[in-house]
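Novice: If you read the sequences in order, they're chains C and Z.
For the first sequence, position 143 (counting from the first letter as 1) is numbered 143 according to my numbering, and the numbering increases by one without interruption.
For the second sequence, position 223 (counting from the first letter as 1) is numbered 545 according to my numbering, and the numbering increases by one without interruption.
Don't read these hints as lab results, they were simulated from the structure.
It should be emphasised that the depicted structure is a prediction, and the values quoted were computed from it without experimental measurement.
Among the clues, some could well be false.
What the hints assert, rightly or not - Simulated restraints, written as ranges between beta carbons of each label pair:
| id | chain 1 | residue 1 | chain 2 | residue 2 | range |
| --- | --- | --- | --- | --- | --- |
| 1 | Z | 400 | C | 66 | 52 to 58 Å |
| 2 | Z | 392 | C | 299 | 51 to 57 Å |
| 3 | Z | 392 | C | 56 | 44 to 50 Å |
Note that the Cβ used here is the ideal one computed from N, Cα and C, for glycine as well.
Next come the chains, spelled out residue by residue.
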Amino acid sequence: MAAARRRIHSRVRDGAHLTAFLARRALGALWALIGVEIVVFLILHLTGDPTSVMMPPESTAAELAAFRHAQGFDRPLIVQFASFALSAARGDLGLSLRHQEPAMTLALARLPATALLGAAAFAIVLLIGVPAGVLSALRPRTAIDYAARIIALVGQSAPTYWIGLMLILLFAVLLGWVPASGIGDWRNLVLPAATLGFFSTAKLMRLTRAAMLEVLEADYVRTARAKGLTAWRTVIGHGLRNAWLPIVTQLGVELGALLSGAIITETVFAWPGIGRLAVQAVFERDFPVVEAVVLISATTFVLLNLAVDLLYAVIDPRIRYA
Amino acid sequence: METTLTAARVAPDHGVSNRTVALRRLARDPGAVGGAVVVLIVAVCAIFAPLIARTDPNLQNLGATLVPPMWIAGGNGAHPLGTDNLGRDLLARIIWGSRVSAIVGICVVAIGGSIGVTAGLLAGYRRGWVDALIARITDVQLAFPLVLLAVAIVAVVGPGLWTVIAAIGLTSWVQYVRVVRAETLSLREREFIAAAQAAGATSSRILTRHLLPNVTSVAIVLGTFEIARAVVFESSLSFLGLGVPPTTPSWGGMLADGRQYLDTAWWVALFPGLAIMIAVMGVNLLGDGLRDALDPSAR
Chain C
1 MAAARRRIHS RVRDGAHLTA FLARRALGAL WALIGVEIVV FLILHLTGDP
51 TSVMMPPEST AAELAAFRHA QGFDRPLIVQ FASFALSAAR GDLGLSLRHQ
101 EPAMTLALAR LPATALLGAA AFAIVLLIGV PAGVLSALRP RTAIDYAARI
151 IALVGQSAPT YWIGLMLILL FAVLLGWVPA SGIGDWRNLV LPAATLGFFS
201 TAKLMRLTRA AMLEVLEADY VRTARAKGLT AWRTVIGHGL RNAWLPIVTQ
251 LGVELGALLS GAIITETVFA WPGIGRLAVQ AVFERDFPVV EAVVLISATT
301 FVLLNLAVDL LYAVIDPRIR YA
Chain Z
323 METTLTAARV APDHGVSNRT VALRRLARDP GAVGGAVVVL IVAVCAIFAP
373 LIARTDPNLQ NLGATLVPPM WIAGGNGAHP LGTDNLGRDL LARIIWGSRV
423 SAIVGICVVA IGGSIGVTAG LLAGYRRGWV DALIARITDV QLAFPLVLLA
473 VAIVAVVGPG LWTVIAAIGL TSWVQYVRVV RAETLSLRER EFIAAAQAAG
523 ATSSRILTRH LLPNVTSVAI VLGTFEIARA VVFESSLSFL GLGVPPTTPS
573 WGGMLADGRQ YLDTAWWVAL FPGLAIMIAV MGVNLLGDGL RDALDPSAR
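With the rest of the complex left out, here is chain C (with noise of 0.2 Å):
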């Protein structure tokens, strides 16, 4: 996505309209959704017959049939598709089976906890990750830059889960600083959010340091550092500005580990949001809550995309719509 990101950057750098823009990044979000429900539905028919899978091993034949008519698992399977990918457009993807209330329901209630998260571990990939790689890059070979790259190193080695029970291990056990798991106050959400966001600062740092490196060793740089400017505004106004386009590729890629990464990291805190929902569903085997929360992740991630690459107006001024 990102390669078809700056594939779309440079097209709309030639001179292409916003509205045109607009419109092909829209239905290119667009078939990426639609995409995403025949996937969803052929996963659950892997095995062939999804009753099976949704139903308890212990159940009788008759309890199988009559729940494979309900369901209309009986069908022919074009038939079922189209009336999934119909009611799975109008965000109806059925009861949820253990709880009997609609699934897309149930999973939106859990956005809020999971948004919340989200963006919270964002704030620390952009106010961790950025500002330590730009100090890496400014201070090479220096304790800073070492810190800064082992750091990263851990980051991109370290299972986000182990990192979780570590913090918790530390943070919570041991110095009894907050809470371990559950959702509060300000300080239940202080080692999730470490958690989620490690892995993705960690990246950034190391992507920020190389572009910022790459960039200060341009000839505009040094021309600024000629006219006599500070070395804070040769870094800032020169510098950060012309590395901030992969950077802002990079967060874009991030947001979608970040969505990834709360499946886990909800789990390790019991934080009540859609990914903890997606994965008890999935051991209750109820999978029309399974289909919700793939939906709604996905779409967030197709929508948070298409912000992304309309960022680059902002960032870019050589980008021009009209």
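Given the coordinates of chain C, assemble chain Z onto it according to the supplied hints.
Specialist: Just chain Z, lined up with the frame of chain C:
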């Protein structure tokens, strides 16, 4: 670990083969050498686990549960890294757990690499509707939170080593498509392809004999990073209880067991996590070194 790759060719060096030049560069890179040593240790553990581990990883000893590591009061040399809640030896389980990680890493790369490289070659060489179709499929795949996609597949098909491999493999091919397609797009404009076409070579011959060997270096580098990703991914699924069965020791499964004893027996969760981190770091460092050795311009 930045996986943005460009050309993968190595400049000729006075009659020395490209492979030798790349190997020399690799040997001069301390990070890559360190990474290679770690990867070698994990591979040896995985292959010779029955010979290296002193005890059966599933042998329970309810009289010696949650024994601390040997350097802490209460620990002993019989269990250097301590035991878990069922009295199983943690060191033996970590050694055996490397098998699952190694198998998953290699198989996932084989699946994802085969699909991704084929699709990338076709998209880049054929262009047109083939390229458009593969691009659309790629967009759909990227719209999914990958953990959720793998969780959904495992949930439907049922947990197990091969389901986990298939689920992770099917989520990893996209990375190869993007890189191999870009590489093929540039290669197809080169003279040697035009010459092959003029000589009457069929498309399949050009793809397999001329383009494939030229994208192999890029795919190998990417494959290294994908091994690291697969190891973490597998351990995450095992942690969620959707990976390999509990009777097969796996690092993720061990971590899930240790989670309940964080406040009383921290070592149960610490050591398997360290094993994952060190193994993944080794693979990543080796991947970084390979990328620099095969393609200095991507440094």
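Novice: Decide, hint by hint, whether the structure agrees.
Specialist: Against the structure, the hints come out as follows:
1. Between residue 400 of chain Z and residue 66 of chain C, the C-beta spacing of about 57 Å keeps the proposed range 52 to 58 Å intact.
2. Judged by the Cβ atoms, the range 51 to 57 Å given for residue 392 of chain Z and residue 299 of chain C holds: they are separated by roughly 52 Å.
3. Here the CB-CB span from residue 392 of chain Z to residue 56 of chain C is close to 46 Å, well matched to the stated 44 to 50 Å.
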